[in-house]
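Trainee: Residue numbers (our numbering), protein chains in the order written: chain A, 1270 to 1422; chain B, 13 to 172.
Source of the hints: derived by calculation from the structure; they are not laboratory data.
What you are looking at is a predicted structure, and each value in this text was computed from that prediction instead of being measured.
Errors might be hidden in some of the hints.
With beta-carbon atoms standing in for the labels, derived distance ranges [as the list claims (entries may be wrong)]: (1) B:56 <-> A:1300: 18 to 26 Å; (2) A:1422 <-> B:97: 27 to 35 Å; (3) A:1363 <-> B:146: 15 to 23 Å; (4) B:70 <-> A:1288: 40 to 48 Å; (5) B:56 <-> A:1422: 36 to 44 Å; (6) B:99 <-> A:1371: 35 to 43 Å; (7) A:1279 <-> B:99: 30 to 38 Å; (8) A:1297 <-> B:85: 48 to 56 Å.
Where a beta carbon is used, it is the ideal one built from N, C-alpha and C, also for glycine.
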Amino acid sequence: MLKTKQLNLAFIITLGISFLVFVYLVFLGYEEIRTLKDVIKIVASILFPVPMLFFVRFILIENFIPENSEAYKLENQKPATGLFIITLLSILGVLKFLEYVAHFNLENHLILAHLINSTTISSYVLNYILYNNLKANGVLSGILMALAVHIFF
Amino acid sequence: MNLLNETSNPKTNSGKRELLFNFQAIIVTGLLAFTAIAFFSYNHLAIVKGIKVIFAPFLSIVPLLFILSILRDLRKGFIEGDYTKQEIIKFCLITTGITAASTGITYLLSTIGALEILLASIIAILSVVFFLKAKINDILGMSIITGIAEGIIIYMIFFF
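Using the sequences plus the hints, can you model the full thing?
Mentor: Shown next as structure tokens:
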């Protein structure tokens, strides 16, 4: 019982981070939201992952929910944490690299940031509800954290 | 009662697929309505002849009803088990292709200058979706519908 509680807490915190990123992105781009067009773009970027996820779910119909047992956790703890850190660092690295080398600033392409945010969080929710794959969980949390860290700092 | 149970809480995989397909069809319908409203309010479309607006939808609805009435079901429905790797790759490629095509079609829609033509085109796409939903209840229909939805969204994000 406690275990599910812990897991739910992580789930809610991740959702919260994603929401914070979203609010912050809207706040950052507030100056640019002048016309209906910008609102449409943001709505579209939020909707973007939904049909794709439905399609993926359609193909991968089986639920592979592994039992959330101690053994499963112990076995996947290390790879999941490793993947989390690797993804976090590599995504951060890519973003910084783009910023310095290609003069590509994510702040000027907020739609892209919205896209990454919504895609990641939707996949996270799908994974959480249906597959509960800890490794995928690690990767997705890594992407989300990298985005949050990059945007906030 | 049994039927109600089956549709509201599908236990089989094909039932779940059916449900996902229906949701996807609803999403596409919503997106098409969204597109019509967005283009109408943003491109300041003119209504050239008001009476045409009323008749525009029938242009594609009448053929649709005709085709639906004479055609038998083209597919057997959703399969219960998993798809093979080859099928998955094939249908992902189809989806990507339809996405590109649908982005182009949405671009063409955005160049339309009159409301009645836009309405006729949107209803035509909607008719295709309903046709797929009614007759091609299959992974092929699903990939085409997904492609249409993604195409509209991609156009709205990057080109609008």
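Trainee: Does each hint hold? Answer for all of them.
Mentor: Results for each hint:
At roughly 25 Å, the beta-carbon separation of residue 56 (chain B) and residue 1300 (chain A) lies within the given 18 to 26 Å, and the hint holds. Taking 27 to 35 Å as the suggested C-beta distance range, the pair residue 1422 (chain A) and residue 97 (chain B) does not conform, at roughly 42 Å. For the hinted restraint 15 to 23 Å between residue 1363 (chain A) and residue 146 (chain B), the CB-CB distance of approximately 45 Å leaves it violated. A hinted range of 40 to 48 Å for the beta carbons of residue 70 (chain B) and residue 1288 (chain A) is consistent with their spacing of about 45 Å.
Remark: the range hint 36 to 44 Å for residue 56 (chain B) to residue 1422 (chain A) is upheld by a beta-carbon distance near 43 Å. Between residue 99 (chain B) and residue 1371 (chain A), the C-beta spacing of about 38 Å keeps the proposed range 35 to 43 Å intact. A C-beta distance of roughly 35 Å is found between residue 1279 (chain A) and residue 99 (chain B), which places it inside the suggested range of 30 to 38 Å. At roughly 51 Å, the beta-carbon separation of residue 1297 (chain A) and residue 85 (chain B) lies within the given 48 to 56 Å, and the hint holds.
The structure does not agree with the numbered hints 2 and 3 stated previously, though it agrees with the rest.
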